[in-house]
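**Q** This is what each chain is made of:
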Amino acid sequence: MIRFEGVRKSFGAARALDGLDLAVPEGAFAVLLGGSGAGKSTALRMVNRLVEPDAGRVLLRGRDVAGEAAPALRRRVGYVIQGIGLFPHWTVARNIAAVPRLLGWDERRIAARVDELLVLLRLDPAIHRDRRPAELSGGQAQRVGVARALAADPDILLMDEPFGALDAVTRQALQQEMTRLHAATGKTILLVTHDVDEALALATRLAVMADGRLLQEGTPRALLEAPADPRVRDLLDGGAFGMRRLAVVTASSLAAPVTEAPATLPRIPTTATGREALEAMLAARADAVVLVDAAGVPSGVVALRDLLRA
Amino acid sequence: MRIATLLPAMLFALALLALPVLGPFFGALFPEAAEPLYLRQGFVALAAKHGGLVIAALLPAAAIGIGLGVAATRPGAREVRVVADTLAGFAQAVPPVAVIAMAVPVVGFGAAPALLALVCYATLPVLRATVGALATVPPDVLDAARGAGMTPRQMLVQVELPLAAGPILAGVRVAAVLAVATAAVGAVAGANCLGTPIIAGLVNGNPAWVIQGALLTGLMAFAVDGLLAAFAPVSASPP
Numbered sequence: 001m002i003r004f005e006g007v008r009k010s011f012g013a014a015r016a017l018d019g020l021d022l023a024v025p026e027g028a029f030a031v032l033l034g035g036s037g038a039g040k041s042t043a044l045r046m047v048n049r050l051v052e053p054d055a056g057r058v059l060l061r062g063r064d065v066a067g068e069a070a071p072a073l074r075r076r077v078g079y080v081i082q083g084i085g086l087f088p089h090w091t092v093a094r095n096i097a098a099v100p101r102l103l104g105w106d107e108r109r110i111a112a113r114v115d116e117l118l119v120l121l122r123l124d125p126a127i128h129r130d131r132r133p134a135e136l137s138g139g140q141a142q143r144v145g146v147a148r149a150l151a152a153d154p155d156i157l158l159m160d161e162p163f164g165a166l167d168a169v170t171r172q173a174l175q176q177e178m179t180r181l182h183a184a185t186g187k188t189i190l191l192v193t194h195d196v197d198e199a200l201a202l203a204t205r206l207a208v209m210a211d212g213r214l215l216q217e218g219t220p221r222a223l224l225e226a227p228a229d230p231r232v233r234d235l236l237d238g239g240a241f242g243m244r245r246l247a248v249v250t251a252s253s254l255a256a257p258v259t260e261a262p263a264t265l266p267r268i269p270t271t272a273t274g275r276e277a278l279e280a281m282l283a284a285r286a287d288a289v290v291l292v293d294a295a296g297v298p299s300g301v302v303a304l305r306d307l308l309r310a
Numbered sequence: 001m002r003i004a005t006l007l008p009a010m011l012f013a014l015a016l017l018a019l020p021v022l023g024p025f026f027g028a029l030f031p032e033a034a035e036p037l038y039l040r041q042g043f044v045a046l047a048a049k050h051g052g053l054v055i056a057a058l059l060p061a062a063a064i065g066i067g068l069g070v071a072a073t074r075p076g077a078r079e080v081r082v083v084a085d086t087l088a089g090f091a092q093a094v095p096p097v098a099v100i101a102m103a104v105p106v107v108g109f110g111a112a113p114a115l116l117a118l119v120c121y122a123t124l125p126v127l128r129a130t131v132g133a134l135a136t137v138p139p140d141v142l143d144a145a146r147g148a149g150m151t152p153r154q155m156l157v158q159v160e161l162p163l164a165a166g167p168i169l170a171g172v173r174v175a176a177v178l179a180v181a182t183a184a185v186g187a188v189a190g191a192n193c194l195g196t197p198i199i200a201g202l203v204n205g206n207p208a209w210v211i212q213g214a215l216l217t218g219l220m221a222f223a224v225d226g227l228l229a230a231f232a233p234v235s236a237s238p239p
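From first to last, the protein sequence lines stand for chains A and B.
In terms of this note's numbering, the first sequence opens at residue 1 and continues consecutively.
In terms of this note's numbering, the second sequence opens at residue 1 and continues consecutively.
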């Protein structure tokens with residue numbers, strides 16, 4: 001889907017990318033993780049040609065992005081940034097309609113699409129459609145930012161530290177929202193972050209970068225289990241290695257079939273992670289939790305010792 | 001539109017109408033003046049010519065100022081920025097009278113040298129306001145616009161100019177007021193305007209004429225300022 005081949009880039013004397021090779025498979029939620037100066041934002045911005053490589057190339061579905069006019073390319077690639085960058089003189093609806101208008105959609109189709117996206121991002125169209133960006137909270141503004149990026153139904157969504165400026169609660173809510181959106185839309189997402197927990201919570205494919213190079217790429221679990229480089233291990237460990245390993249497994253994968261569910265045990269959704277199961281046990285001072293599906297029917301039970309298998 | 005912004009315009013109109021009948025008043029103020037009222041041309045005609053000069057200068061000044069300001073803020077337009085800076089510095093350093101005096105040998109007497117000076121002086125505030133206003137457009141907004149696939153022209157027309165419109169119009173307003181005041185100096189080179197009674201009064205030792213011309217020029221500047229404030233959009237930025 002997205003492939004970087006020997007990409008190099010310098011800004012003056014500073015080398016941002018030093019031969020990056022990376023492939024992002026179709027439909028992946030790929031996260032570029034690294035400290036500042038790792039080159040991850042530079043790499044992301046090359047996909048929609050906001051930055052041009054000095055050497056090497058970036059391929060989108062096998063075609064070099066340099067072969068297409070930049071504005072046309074950008075209109076079929078969603079782009080979300082930390083600063084959100086909503087157009088302050090336009091309403092929420094007009095903001096979301098930015099790319100469809102550039103593509104010349106008719107008004108009726110645009111209006112329908114705007115409402116559809118507001119609903120998808122859990123914003124009430126009747127309330128928010130005609131608001132100005134200044135009237136939105138940070139979390140609402142970034143929801144609009146994501147809706148704007150999705151407006152013309154791009155195959156790829158580029159997200160550059162999209163939740164970095166939000167408070168912890170809003171950030172977590174939007175992370176869950178993105179996991180849901182990814183599952184619902186099947187879009188390929190490339191997200192840049194320096195937040196290890198955010199990366200582990202979101203990524204289906206995790207790429208760790210340092211000094212303009214790729215250190216390791218794989219599933220979050222594979223990187224946690226077998227870091228290929230001491231820098232990967234140090235970054236992912238951070239004194240919370242066990243908890244992070246729990247965070248990348250689902251509680252249901254550790255569960256035993258439920259025979260009877262004692263009413264005294266805490267209950268958590270089947271979609272919860274191992275870490276959330278542990279948290280629920282610790283909070284309730286219980287040695288097991290019951291997994292319940294959306295209808296509230298118990299589907300399994302996870303005991304404290306089951307977590308050791310994570 | 002608030003009434004207060006229209007007050008200077010009403011005052012100016014009132015003064016235009018009232019001055020012709022105030023001859024005895026000026027005669028009492030300046031008993032030594034043989035003609036206490038400037039009568040060689042009507043004040044309304046002078047004001048109309050003055051206004052015509054201002055408009056004739058303001059339109060090209062706004063076009064040049066905004067155009068240069070936009071050009072100077074495009075990426076990689078270092079030469080344009082140097083030219084704009086040089087122009088701004090020149091216009092600041094040389095007084096209007098000097099520009100008019102230097103222009104006369106080239107373009108002759110009359111309205112032309114005054115127009116030239118006016119365009120020079122009115123361009124500067126517009127140029128400054130344009131460069132400053134475009135610089136205040138948030139970088140995140142520009143990044144988002146570029147990332148959405150807007151062409152440079154679309155970014156300018158749909159995002160940058162609307163967001164910068166308020167301060168740019170404020171610059172045009174400053175330029176207009178400056179032009180009204182500076183246009184009076186054009187009378188030195190023979191331009192017919194509200195400065196004509198001032199020059200005639202100075203030449204003939206008639207302070208009443210000087211006051212009449214100066215009063216109308218000043219009131220006209222206030223009137224233009226008020227009118228432009230009344231018709232300027234409140235603000236392109238959110239409430």
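Rather than coming from a laboratory, the hints here were simulated on the basis of the structure.
Accuracy of the hints is not assured; some may be wrong.
A few chain B residues that don't get close to chain A, going by computed Cβ distances all over 12 Å [to be verified]:
id: 1; residue: Leu22
id: 2; residue: Gly51
id: 3; residue: Arg81
id: 4; residue: Ala88
id: 5; residue: Met155
Ranges of calculated distance between the beta carbons of each label pair, as one might list FRET restraints [as the list claims (entries may be wrong)]:
id: 6; chain 1: B; residue 1: Phe231; chain 2: A; residue 2: Ile127; range: 31 to 39 Å
id: 7; chain 1: A; residue 1: Ser10; chain 2: B; residue 2: Pro138; range: 38 to 46 Å
id: 8; chain 1: A; residue 1: Ala295; chain 2: B; residue 2: Val157; range: 31 to 39 Å
id: 9; chain 1: B; residue 1: Arg153; chain 2: A; residue 2: Ala168; range: 36 to 44 Å
id: 10; chain 1: A; residue 1: Ala126; chain 2: B; residue 2: Pro60; range: 46 to 54 Å
id: 11; chain 1: B; residue 1: Ala214; chain 2: A; residue 2: Ala165; range: 25 to 33 Å
id: 12; chain 1: A; residue 1: Ile127; chain 2: B; residue 2: Ala135; range: 49 to 57 Å
id: 13; chain 1: A; residue 1: Thr250; chain 2: B; residue 2: Leu142; range: 47 to 55 Å
id: 14; chain 1: A; residue 1: Asp195; chain 2: B; residue 2: Pro138; range: 21 to 29 Å
id: 15; chain 1: B; residue 1: Arg74; chain 2: A; residue 2: Arg15; range: 26 to 34 Å
id: 16; chain 1: B; residue 1: Pro138; chain 2: A; residue 2: Phe241; range: 35 to 43 Å
id: 17; chain 1: B; residue 1: Ala214; chain 2: A; residue 2: Ala126; range: 58 to 66 Å
id: 18; chain 1: A; residue 1: Gly56; chain 2: B; residue 2: Val157; range: 50 to 58 Å
What you are looking at is a predicted structure, and each value in this text was computed from that prediction instead of being measured.
Virtual Cβ for every residue (Gly too), placed ideally from N, Cα, C.
**Q** Next step is simple, just say for each hint if it's right about the structure.
**A** Status of each hint after checking the structure:
Once the 12 Å rule is applied to beta carbons, leucine 22 of chain B is consistent with being away from chain A; the minimum gap is 49 Å. No beta-carbon of chain A comes within 12 Å of the beta-carbon of glycine 51 of chain B; the shortest separation is about 33 Å. Once the 12 Å rule is applied to beta carbons, arginine 81 of chain B is consistent with being away from chain A; the minimum gap is 20 Å. No Cβ of chain A approaches the Cβ of alanine 88 of chain B within 12 Å, the least distance being about 28 Å, so the stated non-interface status holds.
For methionine 155 of chain B, the shortest C-beta to C-beta distance to chain A comes to about 10 Å, within the 12 Å cut-off, and the non-interface label is violated. Take phenylalanine 231 of chain B and isoleucine 127 of chain A: their Cβ atoms lie about 34 Å apart, and the range 31 to 39 Å holds. A hinted range of 38 to 46 Å for the beta carbons of serine 10 of chain A and proline 138 of chain B is inconsistent with their spacing of about 27 Å. Between alanine 295 of chain A and valine 157 of chain B the Cβ separation comes to about 54 Å, which falls outside the hinted range of 31 to 39 Å.
The hinted range of 36 to 44 Å is satisfied by arginine 153 of chain B and alanine 168 of chain A, whose Cβ atoms lie roughly 41 Å apart. In this structure, alanine 126 of chain A and proline 60 of chain B meet the distance hint of 46 to 54 Å, their C-beta atoms being roughly 49 Å apart. Distance hint for alanine 214 of chain B and alanine 165 of chain A: a CB-CB separation of about 56 Å, inconsistent with the stated range 25 to 33 Å. Checked against the hint of 49 to 57 Å, the C-beta distance between isoleucine 127 of chain A and alanine 135 of chain B comes to roughly 35 Å, which is inconsistent with it.
Distance hint check: the CB atoms of threonine 250 of chain A and leucine 142 of chain B are about 42 Å apart, inconsistent with the given range 47 to 55 Å. For the hinted restraint 21 to 29 Å between aspartate 195 of chain A and proline 138 of chain B, the CB-CB distance of approximately 24 Å keeps it satisfied. For the pair arginine 74 of chain B and arginine 15 of chain A, the beta carbons lie near 28 Å from each other, so the given range of 26 to 34 Å is met. One distance hint, 35 to 43 Å for the beta-carbon pair proline 138 of chain B and phenylalanine 241 of chain A, holds here, with the actual separation near 40 Å.
Between alanine 214 of chain B and alanine 126 of chain A the Cβ separation comes to about 60 Å, which falls inside the hinted range of 58 to 66 Å. For glycine 56 of chain A paired with valine 157 of chain B, a C-beta distance near 35 Å fails the hint of 50 to 58 Å.
In summary, the numbered hints that this structure violates are 5, 7, 8, 11, 12, 13, 18.
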